[in-house]
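Engineer: Let chain W serve as the given structure and place chains Z and S on it in line with the hints.
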Amino acid sequence: MTARTRTSNRLLLVRFCALGYLAVILIAPVTLIFWRAFEHGVHPFWAAISNPIATHALRLTVEVTLIAVPLNTAFGILCALAIVRHRIPGMGLINAFVDLPLALSPVVVGLALYLLYGRDGWFGHWLTTHGVRVLFALPAMVLATIFVSLPFVVREVVPVLREIGTDQEEAASTLGASSLTTFRRITLPAIRWAIAYGVVLTAARSLGEFGAVSIVSGGIAGRTQTLTQYVQASYENFDQTGAYAASVLLALLAITTLLAMTVMRHGDRRA
Amino acid sequence: MAIAARNVTKRFGDFVALDDVSIEVKSGSLTALLGPSGGGKSTLLRVIAGLERPDSGQVFISGKEATALAPQKRGVGFVFQHYAPFTHMTVFDNIAFGLTIRRRPKAEIEKRVEELIELVQLPGLGKRYPSQLSGGQRQRMALARALAAEPEVLLLDEPFGALDARVRKELREWLLRLHERTHVTTIFVTHDQEEALELADEVVVMNAGRVEQVAPPRTLYDEPANAFVMSFVGPVNRLGDTWVRPHDIEIRAEPNGSTSEAQVLRIIRLGFETRVELVREDGEHLHVQLTRDEAEQLELARGDIVYVRTRRERTFSTASA
Amino acid sequence: MSQLAVEVARVPRARRRALGAPTLGSGIALGYLSVIVLVPLAAVAAKAASGGWHHFWQVAWNPEARAALELTFELAGAVVAINAVTGTAIAWTLVRDDFHGKRLVNAIIDLPFALPTIVAGLTLLALYGPTGDLGVDVAYTRWGVLMALLFVTLPFVVRAVQPTLLELDREMEEAAASLGAGRFATFRRIVFPHLLPALLSGVALAFARAIGEFGAVILIAGNLPFKTEVASLYVFEHINSDDPTGASALAVLMLVVSLGVLLVIGALRRWATRHDR
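Heads up: the protein sequence lines correspond to chains W, Z and S, in order. According to our numbering, the first sequence is numbered sequentially starting from 5. According to our numbering, the second sequence is numbered sequentially starting from 11. According to our numbering, the third sequence is numbered sequentially starting from 21.
Just chain W, same shape as in the assembly (with noise of 0.2 Å):
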């Protein structure tokens, strides 16, 4: 029984390690939100979220999120065709260019959006003189959450779409299905576990958006303020209570993005 037994040795070596590592870099952060959010009871912690200013957050987190997700859902989906169906010269720079926001610095994103349409930049002009707001307002917000959360759905669809082939589809036209109604009755019931998945991620990803945000939103409390950036600013006005309350809030939403994933996962395998 000794070789067993060494073997085993190892496997809990290797076993410690990690949960130990996991313990010390994850799960002790996250579990102190919760801890310091209701360090001071459960008052304290309602009255941080309830007043104007984080309501008015939550609120403007989330309507900009209900914008960025179904642009990105039907570009998503458009895309995935567009990358399998279809050759369009150039594919493999289109293919990066979507996976870009995965690798890129939410900042680039923000100065990129300031250059664009700041006072000096590329449309900056055309837009003062019609009055128009992006910058600093909600356009602009939308713009750079709609850049950093843009490849979900094309990552999950294309895969999809690439295994179920073309089989089914040129049956469906030698019946005499239109491409609509193709795409409508036998692409789309293929690929919907794989726009919701893509759908969830980007709504998390949005949700949870900073650095763009940051950068192009002014971050005026009551206006132009994300949830986000209501933790950031209540940390810097010393309310502890303010920031902790609006991440366990952020930090309930992450949690139910991979609640989601997982219900979705056992929907899915028995579909």
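Since the hints were derived computationally from the structure, they do not count as laboratory data. Quick caveat, the model's predicted, so the values are computed rather than measured. Cβ coordinates follow ideal geometry from the N, Cα and C atoms, glycine included. Keep in mind that a hint or two might mislead.
To be verified - Which bits of chain Z does chain S cover? Going by a derived footprint, with three or more residues having C-beta under 8 Å, they are:
| id | stretch |
| --- | --- |
| 1 | 89 to 100 |
| 2 | 104 to 114 |
Unchecked claim - Here are the simulated SDA-like cross-link-like pairs (lysine to any residue), alpha carbons at most 20 Å apart as the crow flies:
| id | chain 1 | residue 1 | chain 2 | residue 2 |
| --- | --- | --- | --- | --- |
| 3 | Z | K121 | Z | G145 |
| 4 | Z | K137 | Z | E124 |
| 5 | S | K122 | W | V28 |
| 6 | Z | K83 | S | A205 |
| 7 | Z | K137 | S | P213 |
| 8 | Z | K83 | S | F204 |
| 9 | Z | K83 | W | S12 |
| 10 | S | K122 | W | S12 |
| 11 | Z | K83 | S | E191 |
| 12 | S | K122 | W | R269 |
| 13 | Z | K83 | Z | R114 |
| 14 | Z | K137 | Z | R122 |
| 15 | S | K122 | W | L15 |
| 16 | S | K122 | W | E167 |
| 17 | S | K122 | W | G24 |
| 18 | S | K122 | W | I29 |
| 19 | Z | K83 | S | E194 |
| 20 | Z | K83 | S | P213 |
| 21 | S | K122 | W | L263 |
| 22 | S | K122 | W | L23 |
| 23 | Z | K83 | S | R203 |
| 24 | S | K122 | W | L26 |
| 25 | S | K122 | W | Y25 |
| 26 | Z | K137 | Z | I127 |
| 27 | S | K122 | W | T77 |
| 28 | S | K122 | W | A32 |
| 29 | S | K122 | W | F20 |
| 30 | Z | K137 | S | H295 |
| 31 | Z | K36 | Z | S72 |
| 32 | Z | K116 | S | A205 |
| 33 | Z | K36 | Z | D211 |
| 34 | S | K122 | W | V267 |
| 35 | Z | K137 | Z | Q147 |
| 36 | Z | K83 | S | H295 |
| 37 | S | K122 | W | I31 |
| 38 | S | K122 | W | A27 |
| 39 | S | K122 | W | L17 |
Structural biologist: Relative to chain W, chains Z and S alone:
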């Protein structure tokens, strides 16, 4: 005695894979473990190799107890059903692996690997990768790899299962010749009774985790120990407790004292052999196998009434079925 | 985490059909991509290039910028090295080991993906900063920034290695054992070569993330130039102090690194599948 397993039992959860199994394999022999899927043959092979640890029982290799030994130390060569090639290494490196691990000098490794490449007939393919070989070539590479470190025992787990019929036949002959050359004690697992009967010196028939019979192929066929062995090893007619081989049923045009009446239902002509399906008076169906000449002599046609008699039969009480 | 869309579709020529409406869709998608991604990034490149090559290097190579870049690459390198080891260990534990709560552990690995970066930064500061209960204070130090980066890059290597480890043919390891290889030799010669491409992909993504991380770092770093000011903080500061040119110079470099990483990952994917049956 090259290999012995004594009272080996192995469970996977509730499933009993091996139930008090004991076998002995003679040194230098070619032995088959034959049986249906799930019967325990692969499990027994893996227990002998040390890839599974038995719940109880002992394993002996070359007279020494090996039950607690890790597979690295047992001196067995194992060939997997799907060959388990090291896909990231060349054919040469695959075959050389056992020697590389043992830190043999480079010159020795090269010589031995070249010998083996010649032995298994893969000339000039040393620099290729497994993904560039055909199924049969990969199988031969797997064999060479297992033989490289000169194991005392060679274990083959359904070695030809993943190949198409023609390649399988070729490799069977080839394995036989290889064994004649190297005389390494070899055990192979198969569910194909033709393969077992063709190749093995001795066959161990296993079913549901138990050994049904151990015998040379001829004995297995002519004197099966029970109904299971008889029906597994070849086609058979069952008439209550009596079991008869299709070629042991005689068809006559005229009755004599010991025949019973039957009607011809179907005649299938397969080149040299003709198969006839009959139904007896008492409703029992019979499948008979005749040579082409015998069938022609009788001038059989559908619907004919003929008279049948068994030449040899075996009786097993229902308990053993 | 599904694959990057970087793989180009390998649909055989004969089967490709251009359908009417979808070509319009492709156009819309392309237009959308341009407006959202391509044009803004072009603006950054243009700003950095305005004033010419020489001016660009002057701006990008001033002491503060150079310090920020050096620090950023140093930290990213350290993060990546640590993640290569710990990520593989965690993936190994999740695939080969079994214990109560394993499924929970598997689920929380993705938490750094889902959690907003500012929240991550806040909690790390709370735990390992001046008010922390553990007596450890790394706020306003490089160690603090390192920890923040380790948090956000945690899932990359794990999720890259995990599927490869799952798919690994156990028979290869058994074959190696039957041929005399011990546990470590088997890992080194058989398992690791198969994990390497996935590991490198995870490492590349982690690297890109570490280079650009902002939200998790901003609170704990305190943004002290030459000490804890990483590239992203440098860019942020220079936008705020109305120096878009300075910001753009570094931003372009970060952009180039990001693109480079994606190219590397694409190449790794092709390399990984070269031995497939």
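Engineer: Checking each numbered hint in turn, tell me which of them this model violates, lowest number first.
Structural biologist: Structure breaks hints 3, 16, 20, 27, 36.
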